[in-house]
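Protein chains: 2
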Amino acid sequence: MRCFILLTALLFPSLAVAAAAMPSPAEIVDAAPATAWRNVAPEQLLIMKLADGDRVVIELASDFAPVHVANVVRLARSHQWDGGAITRVQDNYVVQWRVHDEASPLPEGFVAHPPAEYERPLKGLDYTPLPYPDPYAAESGIASGWLVGREGAQIWPAQCYGVVGVGRDMPPDTGDGRELYVVNAEAPRQLDRNLAVVGRVLQGMEHLSALPRGTGKLGFYTDPHQNVPIASMTLAADLPSGERPVFQVMRIESRSFSRYLAARAARQDPFFVRPAHGVALCNVPIPAREKTADHS
Amino acid sequence: MRCFILLTALLFPSLAVAAAAMPSPAEIVDAAPATAWRNVAPEQLLIMKLADGDRVVIELASDFAPVHVANVVRLARSHQWDGGAITRVQDNYVVQWRVHDEASPLPEGFVAHPPAEYERPLKGLDYTPLPYPDPYAAESGIASGWLVGREGAQIWPAQCYGVVGVGRDMPPDTGDGRELYVVNAEAPRQLDRNLAVVGRVLQGMEHLSALPRGTGKLGFYTDPHQNVPIASMTLAADLPSGERPVFQVMRIESRSFSRYLAARAARQDPFFVRPAHGVALCNVPIPAREKTADHS
Chain L
1423 MRCFILLTAL
1433 LFPSLAVAAA
1443 AMPSPAEIVD
1453 AAPATAWRNV
1463 APEQLLIMKL
1473 ADGDRVVIEL
1483 ASDFAPVHVA
1493 NVVRLARSHQ
1503 WDGGAITRVQ
1513 DNYVVQWRVH
1523 DEASPLPEGF
1533 VAHPPAEYER
1543 PLKGLDYTPL
1553 PYPDPYAAES
1563 GIASGWLVGR
1573 EGAQIWPAQC
1583 YGVVGVGRDM
1593 PPDTGDGREL
1603 YVVNAEAPRQ
1613 LDRNLAVVGR
1623 VLQGMEHLSA
1633 LPRGTGKLGF
1643 YTDPHQNVPI
1653 ASMTLAADLP
1663 SGERPVFQVM
1673 RIESRSFSRY
1683 LAARAARQDP
1693 FFVRPAHGVA
1703 LCNVPIPARE
1713 KTADHS
Chain S
1423 MRCFILLTAL
1433 LFPSLAVAAA
1443 AMPSPAEIVD
1453 AAPATAWRNV
1463 APEQLLIMKL
1473 ADGDRVVIEL
1483 ASDFAPVHVA
1493 NVVRLARSHQ
1503 WDGGAITRVQ
1513 DNYVVQWRVH
1523 DEASPLPEGF
1533 VAHPPAEYER
1543 PLKGLDYTPL
1553 PYPDPYAAES
1563 GIASGWLVGR
1573 EGAQIWPAQC
1583 YGVVGVGRDM
1593 PPDTGDGREL
1603 YVVNAEAPRQ
1613 LDRNLAVVGR
1623 VLQGMEHLSA
1633 LPRGTGKLGF
1643 YTDPHQNVPI
1653 ASMTLAADLP
1663 SGERPVFQVM
1673 RIESRSFSRY
1683 LAARAARQDP
1693 FFVRPAHGVA
1703 LCNVPIPARE
1713 KTADHS
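Residue numbers (this note's numbering), protein chains in the order written: chain L, 1423 to 1718; chain S, 1423 to 1718.
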């Protein structure tokens, strides 16, 4: 409810609250008990700091593109993201950034030509199918907490809003992880199974999505002064424990998630006159939050 | 192709061109002949000027919400948008703006309580179904050049990226057009058939999508100084002919559009290793352009 409140709703919030017979997805998330959440391991949490101090928190997709993810982490540990820059913001598509210097020596263990980790076997992951049709996959679902498409025994992470992937050149070359992108609008799912997904933004997406669009071809900034400087990318596990943020994502098996999904697919809160009875895969973002003292 | 070009592609563009056996959707649009385009009538073109000079061009959806559209136009002609403001930017949802003063007398002919123009009969409009499944509709398609869902004999405009709708309070009240919103990311199609659609952005969406996100509830700006002032909204037909921009949208019945749609659903350009063979309705934005001397 109150998706498009006018002034009256601001003046008379009691009226809106009184009408709230069924909760909205956001209200279900806010009311979820501590048991509905799981901590993201600090080894799977990458903290991107922009030079202006803004923070973007990324959960790594180690189940889906482990070699690419390991490359990104090696670049973080060897500080190659420090002084990097966002160089491309294409409206309704992606924001893209790169390491400080692509001529720098590669860190030890870096895989210069990773395999095309665009899909993987379903086997070995918890999987919950979604009952709604998906124009990009035989079936869509949630695997190990990630939104995925499925075809036969193979699954792949869907290129949804906030998903972080690895830029690459023409096939069969694949990117090595020194250029990353994040989806900034309508999910460009034509990219599914064409690029490696290494993560998703859990917090701070607004620092990337609100950046000025580049006016060059494909949204590249035309003047280096337009580039948005990156201070660092750091694995949470590499921070002193006192500085290490804790992030949580909602457990798919929780009752809260079932209710959230049901509400996403059929809005029953008072604002809605006609529920859709269906939902697109990328319109079911997995709830995430920073764990604070209030959440203990 | 060149969706995620690295430096090599910039240095050796000839290699990329040589490999371009099949065109990308953008290349198909760029190569479309003059006959593939139709002019948007100046009575259906609303020019929003932000106070900083940025321009957003909106095509009105008179076939879908004529009473709401007429209200918006009456507000424009009585200058009630002049001095209005963008007051809300919610990440991955909507940008919302309002008239200068909601206490101003309503213009003559203004309909204070418009009907709920959320859907309409298919009858009377050219309609082309799309063959891909849609989680929000029995069928999706294109009606009079607009992306729509269909159920039985009724259709409605889909709430895609760049679609402009009318903010409202709780049902059964509907908005009157003095607060508008535009979708700024993943299509919130749970709003389909719940709000009146009055237009779509043909040019300048980046001036709205890149605005700072509001930090208040629902993305409202918390300080009036954050509001983004609007200079005016003017119907193109009301401008002197010399200042009147001409916009074109691609004809759905053109061969160029057929090729564009096919390429959107199955990318065959060299960047792609695996075409999707399907596409979401909102991922087929109807091509639009400003007509210039080059296009005659």
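Note that these hints are calculated values from the structure, not bench results.
Hints are not guaranteed to be accurate.
No copy labels: a pair is met if it fits in one copy or bridges any two.
[What the hints assert, rightly or not] With a Cα cut of at most 30 Å, we get these calculated DSSO-like pairs of lysine-lysine: (1) Lys1639 <-> Lys1545; (2) Lys1713 <-> Lys1639; (3) Lys1545 <-> Lys1471; (4) Lys1639 <-> Lys1471.
Only a predicted model underlies this, so the values are computations on that prediction, with no experimental measurement involved.
Of the numbered hints stated earlier in the document, which are not met by this structure? 1 and 3
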